[in-house]
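S.K.: Each chain is listed here by its residues.
Protein chains: 4
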Amino acid sequence: MKSYIQEKIDVYKQQNENKARLLIKCPDRPGIVASVSQFLFEHGANIIDSSQYSQDPEGGEFFIRIEFECPDLKQKADEIEQDFEAIANEFSMDWKLMYVYNIKKMAIFVSKEPHALLELLWEWQSGDLMADIAMVVSNHETSREMVESLGIAFHYIPANKDIRKEVEQKQIELLKAHDIDLIVLARYMQILTPHFVETFKNKIINIHHSFLPAFVGANPYERAYRRGVKLIGATSHYVTNDLDEGPIIEQDISRVNHRDNAEDMRKIGQSIERSVLARAVKWHLQDRIIVHENKTIVF
Amino acid sequence: MKSYIQEKIDVYKQQNENKARLLIKCPDRPGIVASVSQFLFEHGANIIDSSQYSQDPEGGEFFIRIEFECPDLKQKADEIEQDFEAIANEFSMDWKLMYVYNIKKMAIFVSKEPHALLELLWEWQSGDLMADIAMVVSNHETSREMVESLGIAFHYIPANKDIRKEVEQKQIELLKAHDIDLIVLARYMQILTPHFVETFKNKIINIHHSFLPAFVGANPYERAYRRGVKLIGATSHYVTNDLDEGPIIEQDISRVNHRDNAEDMRKIGQSIERSVLARAVKWHLQDRIIVHENKTIVF
Amino acid sequence: MKSYIQEKIDVYKQQNENKARLLIKCPDRPGIVASVSQFLFEHGANIIDSSQYSQDPEGGEFFIRIEFECPDLKQKADEIEQDFEAIANEFSMDWKLMYVYNIKKMAIFVSKEPHALLELLWEWQSGDLMADIAMVVSNHETSREMVESLGIAFHYIPANKDIRKEVEQKQIELLKAHDIDLIVLARYMQILTPHFVETFKNKIINIHHSFLPAFVGANPYERAYRRGVKLIGATSHYVTNDLDEGPIIEQDISRVNHRDNAEDMRKIGQSIERSVLARAVKWHLQDRIIVHENKTIVF
Amino acid sequence: MKSYIQEKIDVYKQQNENKARLLIKCPDRPGIVASVSQFLFEHGANIIDSSQYSQDPEGGEFFIRIEFECPDLKQKADEIEQDFEAIANEFSMDWKLMYVYNIKKMAIFVSKEPHALLELLWEWQSGDLMADIAMVVSNHETSREMVESLGIAFHYIPANKDIRKEVEQKQIELLKAHDIDLIVLARYMQILTPHFVETFKNKIINIHHSFLPAFVGANPYERAYRRGVKLIGATSHYVTNDLDEGPIIEQDISRVNHRDNAEDMRKIGQSIERSVLARAVKWHLQDRIIVHENKTIVF
Numbered sequence: 001m002k003s004y005i006q007e008k009i010d011v012y013k014q015q016n017e018n019k020a021r022l023l024i025k026c027p028d029r030p031g032i033v034a035s036v037s038q039f040l041f042e043h044g045a046n047i048i049d050s051s052q053y054s055q056d057p058e059g060g061e062f063f064i065r066i067e068f069e070c071p072d073l074k075q076k077a078d079e080i081e082q083d084f085e086a087i088a089n090e091f092s093m094d095w096k097l098m099y100v101y102n103i104k105k106m107a108i109f110v111s112k113e114p115h116a117l118l119e120l121l122w123e124w125q126s127g128d129l130m131a132d133i134a135m136v137v138s139n140h141e142t143s144r145e146m147v148e149s150l151g152i153a154f155h156y157i158p159a160n161k162d163i164r165k166e167v168e169q170k171q172i173e174l175l176k177a178h179d180i181d182l183i184v185l186a187r188y189m190q191i192l193t194p195h196f197v198e199t200f201k202n203k204i205i206n207i208h209h210s211f212l213p214a215f216v217g218a219n220p221y222e223r224a225y226r227r228g229v230k231l232i233g234a235t236s237h238y239v240t241n242d243l244d245e246g247p248i249i250e251q252d253i254s255r256v257n258h259r260d261n262a263e264d265m266r267k268i269g270q271s272i273e274r275s276v277l278a279r280a281v282k283w284h285l286q287d288r289i290i291v292h293e294n295k296t297i298v299f
Numbered sequence: 001m002k003s004y005i006q007e008k009i010d011v012y013k014q015q016n017e018n019k020a021r022l023l024i025k026c027p028d029r030p031g032i033v034a035s036v037s038q039f040l041f042e043h044g045a046n047i048i049d050s051s052q053y054s055q056d057p058e059g060g061e062f063f064i065r066i067e068f069e070c071p072d073l074k075q076k077a078d079e080i081e082q083d084f085e086a087i088a089n090e091f092s093m094d095w096k097l098m099y100v101y102n103i104k105k106m107a108i109f110v111s112k113e114p115h116a117l118l119e120l121l122w123e124w125q126s127g128d129l130m131a132d133i134a135m136v137v138s139n140h141e142t143s144r145e146m147v148e149s150l151g152i153a154f155h156y157i158p159a160n161k162d163i164r165k166e167v168e169q170k171q172i173e174l175l176k177a178h179d180i181d182l183i184v185l186a187r188y189m190q191i192l193t194p195h196f197v198e199t200f201k202n203k204i205i206n207i208h209h210s211f212l213p214a215f216v217g218a219n220p221y222e223r224a225y226r227r228g229v230k231l232i233g234a235t236s237h238y239v240t241n242d243l244d245e246g247p248i249i250e251q252d253i254s255r256v257n258h259r260d261n262a263e264d265m266r267k268i269g270q271s272i273e274r275s276v277l278a279r280a281v282k283w284h285l286q287d288r289i290i291v292h293e294n295k296t297i298v299f
Numbered sequence: 001m002k003s004y005i006q007e008k009i010d011v012y013k014q015q016n017e018n019k020a021r022l023l024i025k026c027p028d029r030p031g032i033v034a035s036v037s038q039f040l041f042e043h044g045a046n047i048i049d050s051s052q053y054s055q056d057p058e059g060g061e062f063f064i065r066i067e068f069e070c071p072d073l074k075q076k077a078d079e080i081e082q083d084f085e086a087i088a089n090e091f092s093m094d095w096k097l098m099y100v101y102n103i104k105k106m107a108i109f110v111s112k113e114p115h116a117l118l119e120l121l122w123e124w125q126s127g128d129l130m131a132d133i134a135m136v137v138s139n140h141e142t143s144r145e146m147v148e149s150l151g152i153a154f155h156y157i158p159a160n161k162d163i164r165k166e167v168e169q170k171q172i173e174l175l176k177a178h179d180i181d182l183i184v185l186a187r188y189m190q191i192l193t194p195h196f197v198e199t200f201k202n203k204i205i206n207i208h209h210s211f212l213p214a215f216v217g218a219n220p221y222e223r224a225y226r227r228g229v230k231l232i233g234a235t236s237h238y239v240t241n242d243l244d245e246g247p248i249i250e251q252d253i254s255r256v257n258h259r260d261n262a263e264d265m266r267k268i269g270q271s272i273e274r275s276v277l278a279r280a281v282k283w284h285l286q287d288r289i290i291v292h293e294n295k296t297i298v299f
Numbered sequence: 001m002k003s004y005i006q007e008k009i010d011v012y013k014q015q016n017e018n019k020a021r022l023l024i025k026c027p028d029r030p031g032i033v034a035s036v037s038q039f040l041f042e043h044g045a046n047i048i049d050s051s052q053y054s055q056d057p058e059g060g061e062f063f064i065r066i067e068f069e070c071p072d073l074k075q076k077a078d079e080i081e082q083d084f085e086a087i088a089n090e091f092s093m094d095w096k097l098m099y100v101y102n103i104k105k106m107a108i109f110v111s112k113e114p115h116a117l118l119e120l121l122w123e124w125q126s127g128d129l130m131a132d133i134a135m136v137v138s139n140h141e142t143s144r145e146m147v148e149s150l151g152i153a154f155h156y157i158p159a160n161k162d163i164r165k166e167v168e169q170k171q172i173e174l175l176k177a178h179d180i181d182l183i184v185l186a187r188y189m190q191i192l193t194p195h196f197v198e199t200f201k202n203k204i205i206n207i208h209h210s211f212l213p214a215f216v217g218a219n220p221y222e223r224a225y226r227r228g229v230k231l232i233g234a235t236s237h238y239v240t241n242d243l244d245e246g247p248i249i250e251q252d253i254s255r256v257n258h259r260d261n262a263e264d265m266r267k268i269g270q271s272i273e274r275s276v277l278a279r280a281v282k283w284h285l286q287d288r289i290i291v292h293e294n295k296t297i298v299f
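Chains as they are written, first to last, in full-length UniProt numbering: chain A, 1 to 299; chain B, 1 to 299; chain C, 1 to 299; chain D, 1 to 299.
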């Protein structure tokens, strides 16, 4: 299976070897778009797509995502990055240049419930989620067979709050050894320490099974049932040290009614969790998200 | 205008003079449906629609709503109600028999923002919200002209927390004088005292501008904006003494993104508030809602 | 894997050994509900759930689905069915009594695109789609490995319009040999002959990749793209001899915009196809659907 | 009422006196964004918002909408337009520069059903639909009172297919006399001749009560009911000479079920028609729509 996916990845890399994405955040002022687009033009790049957002044209932040194509990009990359420094300094830019052929390395953390993991693997198999899934990490053996059958490494690391530090140490070593760019918590039911979160800042995406900020914390379906809500939801967000308080990437909901008990809600909710997490992960992989303070700009 | 609506109401009453709705709540056990349907059959009634819900067939509550048609219903009504007592006692029923031609009397409370009021009036004019709108009560003069142009009484009762008791006294007198069955808080921005709420138990419907239980209390759009949510919502619920904690009738949401500030959310939200409140009010008028503990069964 | 599912199925059968569902279609007239519920009560059955629909109380059709529980149902089944004949005759009923423990036997037909098949198998593995998936039939080998890894028989039957008759002969033999109750066309790209359709009347569910009646026939995404629609959809329906004209069970849509080309629409659409087909199949397995003329009543 | 709206309009004009929107369509090639943004920068303009779409970077069309702010715009407008000709010629641009303070003049055509008209007027009153509604034209007197009560001119022009030419002559004179920029058919049930359509090319927005291309033509709800669909919808589009075939601007749907007859669908549908038409009209007024061949790009 892995070889079949690998082939898709290789085709994708080749097709996109001249494409890059430029993400910029800086104080708003006239001339930014003119300078950047002039720069790209002079370096032989053609803008394919561009989205921008001015928080407040008079004194707010300015955000832009530009996707461009440039012949011989690999050879020119260093030069482009060096030359861009001048503009970046002039406008006090916080910027990143991401090469599309640099497929991101991803680790998926999961506990017992496999639905969110399965959705990601399904999107990955069908070529719609372009990442190098380097490993699945779990505190349960449940998903091993399925994960390994796809040729993906499965690391069983038992965890509980008493051994949290040692567990995370092991996880961090593993993640660093594989240069992981993105950690997806696909219903991983362990709390992460500030140290772990800090180590992978804005690189951990979680799926929470409620429409936050409703039902922060444990057992949201049980609490939704007791409250008698008519909608249940799911929220994907970057993980910060405040539980379920990180920047929200995507949310969605589904209708429920008086006939649905907490268990029915859990089942209905799984379908929302799957799609909300998959959308958030894809947007991250496509460099569509800029985190600003405690919010996301999703282009 | 009122005469045009009155005509619609008269036609409706005549068309439905033989229709009634039976709402029952009782401990679940075998034989309830058999007894009730046999009873209706023996009294010459034909069941038009019926919905039921068993919380838990082994020992929970049972709920049923039956809509039936019965020739000469007006003459037979007393007899039916009397005869039904036997069944009601046998099964320990909490029941109500509502005659469709008994159009409910409704009062709408509103403060400054008129959108929810306007939606109700629009549905009422088009004949889709079958009620006798006896009055609009407001602590602002803003909507007077529009309300009176439709031939509806407008009562301006200034209100603030210092004079709450006197204000409510005046309101209660007015509502009782007109035998009001339903009070709709269409963005009425005053808190009601326990006394007022108790006086009209399960007869006050409010619209809250968030998907509860997120953003209970004041300024939900401002707080939604600060939290960076990707969905905003509205919730209609019966009013209890716990602020925004009453039984939820209906909820809905709309997507927002990073470009929408609190003011944009307020505008987008108005459209959800309008439809969520209108649906809840219509369901109440059609006797579709049974309140059980802090939840609603909506048939 | 199959043994794991088999275990779930066994638990389900045992938990539901006393449950049955009664589906009735007959001319509307007073006394139907009274007679049926009285009958069930006298036979010791407790109604758990009941939904009904009167097309037009004065002279239309009446439809009802009753789910009931009855101690020792297996021993009493014959007696109940025999005794019910009297009522059925009196009211000219078209009726079916389905025992919940009689898990339905299902065959899935698929061509190359596996997404709809995968969704069904995923729901089946998680215990949410309660069926005995007896076989997958395909005119391509693509899905063999995955299907067989779940312990399900995979039958590769090459097909094209020149050998349609022979192919269907083989398929019918196979389906009959396994007493198949439901055939799901999970993106099976071959047209079925009237003979095949007639053999399994109201037992074949198809997923069509458009919101019918828009884009009947081939290449709906290509045509949706050319027309510039802002919504794409999917429709599950029972198969009849008129292409894409059978009774619709379920539909849903997703938003697209000018950036989405036909290939993007195909990908977005797959997600709708998956959920729309899964819902339709589950409703069929739960005996929630009554076909009347060219429409479905879904309880 | 009109004076109250007029005040809002005046405030809006003043707040936006330095804002403009540039819409461009041209063959794609490198350097477009650089040239345009450099041009704006040199003329003292600050880009507030910008969206673009490349049909196909290698040889397709390129579309961009830029919203910018420029001090003393009114004095500079002529110079900007003149200077821009050079760039426009270089890149073979089809372009428009729209000044935000130039509020568009709008006429609404309606027949008997007032719901779509009412929604537009409601959005207009609340300041969310920024237009100068110069007149309502109708072939029925139904809405006169309501329209005139808002201070808007109401023109009753009886129409039928025998007098189509004369009727349209009268309408065209009226529209031209008031320099109408946009004609909204808010459920106007008369067919327009090619002459009328040609006179106001891409300036007539219609609301059709189905999700096109399903149910082109008359009585879509009746036909949706007969087909047994589970979704009904509405479509707003620019009017062309092919009935219901013009470029689609926006669509939406709502769920229906077997209980809903054609009349229920009509009522449910009205709510979709209202919001779909209002969104389309607002996008047009905000210069968000570029028509290309038979499609719309909506920025």
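One or more hints might be untrue.
Dumping the calculated BS3-like pairs for lysine-lysine here, alpha-carbon to alpha-carbon at most 27 Å [as the list claims (entries may be wrong)]: (1) 96/D x 112/D; (2) 176/D x 161/D; (3) 25/D x 112/B; (4) 105/D x 74/D; (5) 13/C x 267/A; (6) 267/C x 104/A; (7) 267/C x 19/A; (8) 282/C x 267/A; (9) 96/D x 25/D; (10) 105/A x 267/C; (11) 112/A x 13/C; (12) 295/C x 267/D; (13) 282/B x 267/D; (14) 25/C x 19/B; (15) 267/C x 74/C; (16) 267/D x 8/B; (17) 267/C x 282/D; (18) 112/D x 13/B; (19) 267/A x 25/C; (20) 282/D x 267/D; (21) 161/D x 267/B; (22) 267/B x 25/D; (23) 25/A x 19/D; (24) 112/C x 13/A.
These are calculated hints, taken from the structure and not from any lab test.
S.K.: Each hint: holds or not?
M.R.: Taking the hints in turn, this is what the structure says about them:
Our distance criterion of 27 Å between C-alpha atoms is broken by residue 96/D and residue 112/D, whose separation comes to about 36 Å. With a CA separation close to 22 Å, the supplied pair residue 176/D and residue 161/D stays within the 27 Å bound. For a cut-off of 27 Å, the pair hint linking residue 25/D to residue 112/B is broken: about 45 Å separates their Cα positions. A hinted pair counts as satisfied when its Cα atoms are at most 27 Å apart, and residue 105/D with residue 74/D qualifies at roughly 20 Å.
About 20 Å separates the Cα atoms of residue 13/C and residue 267/A, which keeps this hinted pair within 27 Å; it holds. The suggested pairing of residue 267/C with residue 104/A holds, with an alpha-carbon distance near 22 Å, which does not exceed 27 Å. Between the alpha carbons of residue 267/C and residue 19/A the distance comes to roughly 22 Å, so the proposed pair stays at or under 27 Å and holds. Among the hinted pairs, residue 282/C with residue 267/A is consistent with the structure: their alpha-carbon atoms are about 13 Å apart, no more than 27 Å.
The suggested pairing of residue 96/D with residue 25/D holds, with an alpha-carbon distance near 9 Å, which does not exceed 27 Å. About 23 Å separates the Cα atoms of residue 105/A and residue 267/C, which keeps this hinted pair within 27 Å; it holds. In summary, the hint linking residue 112/A to residue 13/C is supported, as the alpha carbons are separated by about 25 Å, within the 27 Å threshold. Only pairs whose Cα atoms come within 27 Å are accepted, and residue 295/C paired with residue 267/D is accepted, the gap being roughly 21 Å.
For the suggested pair residue 282/B and residue 267/D, the alpha carbons sit about 14 Å apart, so the restraint of at most 27 Å is met. With a CA separation close to 24 Å, the supplied pair residue 25/C and residue 19/B stays within the 27 Å bound. Note on residue 267/C and residue 74/C: the hinted pairing is violated, with a Cα-Cα distance of about 47 Å set against a maximum of 27 Å. At roughly 16 Å between alpha-carbon atoms, residue 267/D and residue 8/B fall within 27 Å of each other, so this suggested pair holds.
For the given pair, residue 267/C sits about 30 Å from residue 282/D by alpha-carbon distance, which is inconsistent with the 27 Å threshold. For the proposed pair residue 112/D and residue 13/B, the alpha carbon gap of about 25 Å is at most 27 Å, so the pair holds. Proximity of residue 267/A to residue 25/C is assessed by CA-CA distance (about 32 Å); at most 27 Å being required, the pair is judged violated. Note on residue 282/D and residue 267/D: the hinted pairing holds, with a Cα-Cα distance of about 23 Å set against a maximum of 27 Å.
For a cut-off of 27 Å, the pair hint linking residue 161/D to residue 267/B is broken: about 41 Å separates their Cα positions. As the CA atoms of residue 267/B and residue 25/D are separated by approximately 32 Å, the hinted pair breaks the 27 Å bound. Distance hint between residue 25/A and residue 19/D is fulfilled; the C-alpha atoms sit about 24 Å from each other, no more than 27 Å. With a C-alpha separation of about 25 Å, the suggested pairing of residue 112/C with residue 13/A holds against the 27 Å cut-off.
The structure shown violates the earlier hints numbered 1, 3, 15, 17, 19, 21, 22.
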